[in-house]
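S.K.: Put together the whole structure using the sequences plus the hints.
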Amino acid sequence: MWTEIERIIESNQTFVVTSHVNPDGDSIGSALALCEFLKTLGKEAVVMASDATPMVYQWLDPDGEMIAPATEDDYGTITSADAVFILDVNSWERLGSLGETIRDAAAVKAVIDHHPFRDEITPVTVVDTGACSTAELIFDLITAQGGPMSRRAAIGLYTGILTDTGSFRFANTSPIAHKITSSLLDAGVEPADVYDLVYNQNSEARTRLMGRVLSGISFAGNGQVAWLSVSRDMIAG
Numbered sequence: 001m002w003t004e005i006e007r008i009i010e011s012n013q014t015f016v017v018t019s020h021v022n023p024d025g026d027s028i029g030s031a032l033a034l035c036e037f038l039k040t041l042g043k044e045a046v047v048m049a050s051d052a053t054p055m056v057y058q059w060l061d062p063d064g065e066m067i068a069p070a071t072e073d074d075y076g077t078i079t080s081a082d083a084v085f086i087l088d089v090n091s092w093e094r095l096g097s098l099g100e101t102i103r104d105a106a107a108v109k110a111v112i113d114h115h116p117f118r119d120e121i122t123p124v125t126v127v128d129t130g131a132c133s134t135a136e137l138i139f140d141l142i143t144a145q146g147g148p149m150s151r152r153a154a155i156g157l158y159t160g161i162l163t164d165t166g167s168f169r170f171a172n173t174s175p176i177a178h179k180i181t182s183s184l185l186d187a188g189v190e191p192a193d194v195y196d197l198v199y200n201q202n203s204e205a206r207t208r209l210m211g212r213v214l215s216g217i218s219f220a221g222n223g224q225v226a227w228l229s230v231s232r233d234m235i236a237g
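The opening residue of the sequence shown carries number 1 in this note's numbering; numbering runs sequentially from there.
Hints are computed from structural coordinates only; laboratory data are not their basis.
Hints may contain errors.
[Claimed, not checked] Restricting the straight-line Cα-Cα distance to at most 20 Å, the calculated cross-link-like pairs of lysine to aspartate or glutamate (EDC-like) are:
(1) Lys39 - Asp61
(2) Lys43 - Glu65
(3) Lys39 - Glu10
(4) Lys39 - Glu100
(5) Lys179 - Asp128
(6) Lys39 - Asp63
(7) Lys39 - Asp140
(8) Lys39 - Glu65
(9) Lys43 - Glu72
(10) Lys39 - Glu6
(11) Lys43 - Glu6
(12) Lys43 - Glu4
(13) Lys179 - Asp140
(14) Lys43 - Asp61
(15) Lys43 - Glu10
(16) Lys43 - Glu93
(17) Lys179 - Glu190
[What the hints assert, rightly or not] Between beta-carbon pairs, the in silico distance windows are:
(18) Pro148 - Pro62: 15 to 23 Å
(19) Glu4 - Gly166: 26 to 34 Å
(20) Thr3 - Val230: 29 to 37 Å
(21) Pro62 - Ser97: 43 to 51 Å
(22) Leu185 - Met55: 20 to 28 Å
(23) Ile235 - Arg7: 43 to 51 Å
(24) Gly221 - Glu120: 39 to 47 Å
(25) Pro148 - Asn222: 51 to 59 Å
(26) Gly216 - Asp104: 24 to 32 Å
(27) Gln58 - Ile217: 27 to 35 Å
(28) Asp73 - Glu93: 22 to 30 Å
(29) Pro62 - Met234: 26 to 34 Å
(30) Glu10 - Gln201: 36 to 44 Å
Backbone N, C-alpha and C fix where the C-beta goes; we use that ideal spot for every residue, glycine too.
M.R.: Structural data, given as C-alpha cells:
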C-alpha cells in the first residue's frame, strides 16, 4: 500500500504538504503530523494551504510554521520542492488557489485520502474509503515506516480522527480508529485537553452569534423537526 509513497520519501529531500480549501481538523492535523514525521527523517518540509487556519485549530500550530493562507509570494516553495503530498483531497478544485501551481510544478506528487476518487490528480494515489479519516492513513504510513511518533504528530492525528468521527459518534468510528487512538494516547495525547481546545474555546463573538441563531430556531412535527437560518449580516455581527 505504501511502497510508492515510501520510495518518494526516501528519494527526495524537500517536501510541501497541502490539503483542501476550508481546512478542518483532519486536513490540518494530518498535514502537520506528516510534516513533523518528514522532519524527523531529516527532510525539509512545510505545510501550505490556500485558506487561513480557522481559529479553532490554530493551537495545532502554535509557532505559526504553516503557510496559510499562501500567497503568490509563497508559490516558489511549491515550484522548488522535490515532492508535494496532497492530503484529504479528491479533486483539483479542492486545492483552491494552489491547484494550478501544484499542477504545473515539476515536483513528484502523491495523494493520500479517504474520500471517493473524483479527479486523477496524480498516478501516485493512496485512497482508502474505509478509513475514518486521512489521519488514520497517515498514522498507518508512519507506523509502516517504523518511524517515531512524536507527541506533536500524535496530537494532530488524534484531532483528525476526533473531528472526522464526530467525537467517535459517527458510523465511520471503527475498531481500527479506537486502536489507533489508543496508540496516540500512548504517545502523549491528553484526550480531554484536545476535546476542550476543539469544542470549548468559543470566542465572545462566536458565542453571541450562536445565541442569535438559536433564538430564531423553529420547530414542527411535534418537536421532531427543527430548523434555523444564519444570515450574512448575523455573521458580520
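S.K.: Okay, which hints does this one fail, numbers in order?
M.R.: Hint check: 4, 9, 16, 20, 21, 26 fail, others pass.
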